[in-house]
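Chains as they are written, first to last, in full-length UniProt numbering: chain W, 1 to 328; chain V, 1 to 249.
Note that these hints are calculated values from the structure, not bench results.
Computed from a predicted model, the values in this text were never measured in an experiment.
Cβ atoms here follow ideal geometry from the backbone N, Cα and C, with glycine treated the same way.
Treat the hints with caution; some may be incorrect.
[Stated by the list, open to error] So, partial list: chain W residues that the calculated Cβ filter (under 7 angstroms) puts toward chain V: (1) THR19; (2) ARG212; (3) ALA219.
So the chains spell out like this:
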Amino acid sequence: MTMNREFLINSILAIALITVPLIALGMDEPFIITLATKVAIFAMAGVGLNLVLGYGGLVSFGHAAFFGIGGYAAGILASHALNYEPIMESPFLIEGTTQMIVIWIVALVVSALVALVIGAITLRTSGVYFIMITLAFAQMIYYFAISWPAYGGEDGLSIYVRNGFPGINTLDPISFFALCAVMLAIAMVFSAVLIRSRFGLALQGARQNAQRMTAVGIAPFRIRLVAFVISAMITALAGALYADLNRFVSPTMLSWHMSGEIMVFVILGGVGRLFGPLAGAALYIILEHLLGGVWEFWQLPLGVLLLLVVLFARGGLVGVLAGERKHV
Amino acid sequence: MSDAILSLSDVTKQFGSLLASDSVTLDLRAGEIHALIGPNGAGKSTLIKQIAGEIKSDRGDIHFNGQNINALDAVARSRMGLARTFQVSSLMPEFSVLQNVMLARQSVSGKVFRFFKPVLGDKSLVDPAMAQLERVGLADRAQMRAADISHGERRQLEMAVALALEPKAFLLDEPMAGMGPEGSKRLTGFLDGLRGQAPILLVEHDMDAVFALADRISVLVYGRIIATGTVDEIRGNDDVKRAYLGEEA
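Between the sequences and the hints, there should be enough to build the whole structure, so can you do that?
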């Protein structure tokens with residue numbers, strides 16, 4: 001029964017994400033389309049984090065690093081292309097690009113490599129130490145971005161024209177929303193398939209009982225490292241989209257506030273629930289714009305809500321609405 | 001010595017001033033149940049952890065299947081065929097009973113990094129896992145959460161997971177712990193038939209079970225083996241009576 005209810009909740013969330021911007025299109029409210037796009041992108045960043053946080057039980061407080069890496073991949077490549085400055089000329093020529101597909105590939109590769117290094121070090125720790133070391137790595141990258149004048153330093157980097165995607169006018173809000181929604185859907189389907197696979201079973205096993213994993217001959221470290229890398233790649237892809245949404249990337253995307261926000265999406269929506277990040281991101285954006293419009297301390301009720309969720313509703317919004325699960 | 005599957009020589013572990021295991025020499029031969037008994041705090045569980053690779057020994061050698069495994073970690077030792085159960089059930093509480101066993105099968109298959117095929121439809125995992133659950137009598141609990149089954153059933157599940165690893169030797173750390181007399185009796189019968197599959201190093205406090213099952217018994221007191229022998233030899237040993245059995249009786 002609970003499975004059916006969760007399916008129903010998920011369907012409502014998915015339908016709402018698609019219909020709200022369509023209605024906004026009809027009412028000629030492009031700002032609402034932009035908000036929905038933001039929800040889709042944040043949800044995707046959360047889907048990435050949820051893989052390690054929700055299914056792997058690893059509280060990464062450094063996912064802004066990957067979100068920002070994706071953002072800077074878009075910003076740096078686009079700025080070189082728009083300014084007609086090659087990134088390097090010798091030993092061979094590398095030029096910038098305004099093609100999202102190329103940017104995404106770069107974002108995926110760079111974030112995977114960085115996550116491999118960060119993960120290989122941080123995953124040797126656990127608990128509070130893991131939280132603090134992931135935070136420390138993200139802050140290192142943040143300060144690096146701030147003090148790197150070539151790409152705007154603290155001021156960030158503007159993308160004058162949104163990057164392109166074959167066959168789509170990305171400057172059109174609803175088209176760009178559709179692109180982001182499709183990317184979110186791909187990330188969620190991928191994530192759903194992953195957690196039902198052998199790898200997913202091992203990842204969830206490692207969360208529950210590392211001692212038992214070791215005793216059956218599966219090393220939790222390798223499982224977690226692969227999950228950490230995949231998780232970072234999904235979040236980086238969201239970051240690339242976010243830079244294109246704002247046509248701007250700055251160190252803010254790399255800061256610990258951002259890590260915290262992504263974590264809030266996941267916890268608010270439901271840790272270890274497929275649609276948790278979407279529910280969380282939607283609730284966050286709705287609160288920000290309903291309450292934020294009338295009250296500058298809108299984050300106070302958000303904080304109270306978060307506290308309530310952590311204390312009384314470990315399954316987050318989706319958990320409250322859909323009920324507890326029988327087993328994973 | 002030639003038919004020893006597992007042999008320990010001079011295995012020692014010191015925690016501060018406490019000698020948890022003191023020059024332990026012991027072997028586990030093919031087809032036998034070798035019981036390890038001793039008073040509480042004698043270092044039985046520590047020794048199991050040293051054999052399983054969870055604690056590094058200070059000194060001594062452990063050979064398994066003719067290979068020195070000193071340098072191997074717990075994961076590698078498990079993969080070599082050393083399956084252990086825990087004194088306090090150590091399971092995946094949120095997994096179903098079946099999933100707990102499937103994870104072990106996944107390890108045996110050597111294919112953990114498979115990302116796309118749904119695991120619950122994978123007959124190459126489900127069928128052998130179900131077979132082990134049937135062996136221990138848990139088949140009707142397959143879909144329940146491990147957290148929701150009874151204590152005795154969790155002990156059975158521990159056994160099913162160990163069996164699913166198709167080990168070359170079992171390390172059983174108090175498998176009867178907390179079981180009622182009925183359950184202990186059933187498990188005793190089950191273990192009796194298991195020695196043909198792989199030898200068992202059995203740590204157990206239930207003396208009825210030990211005397212009924214053991215081909216040989218080693219007595220551990222303060223980390224040191226004071227006697228090894230058949231049931232009758234141990235029953236007749238004065239040192240053992242004084243150090244252990246006498247105190248209990």
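Tested hints:
1. Interface restraint check: W/THR19 against chain V, minimum CB-CB distance 30 angstroms, threshold 7 angstroms, status violated.
2. At about 5 angstroms, the closest approach between the beta carbon of W/ARG212 and any beta carbon in chain V falls short of 7 angstroms, and the interface hint on this residue holds.
3. For W/ALA219, the interface hint holds, since its Cβ comes within 7 angstroms of a Cβ in chain V; the closest pair sits about 5 angstroms apart.
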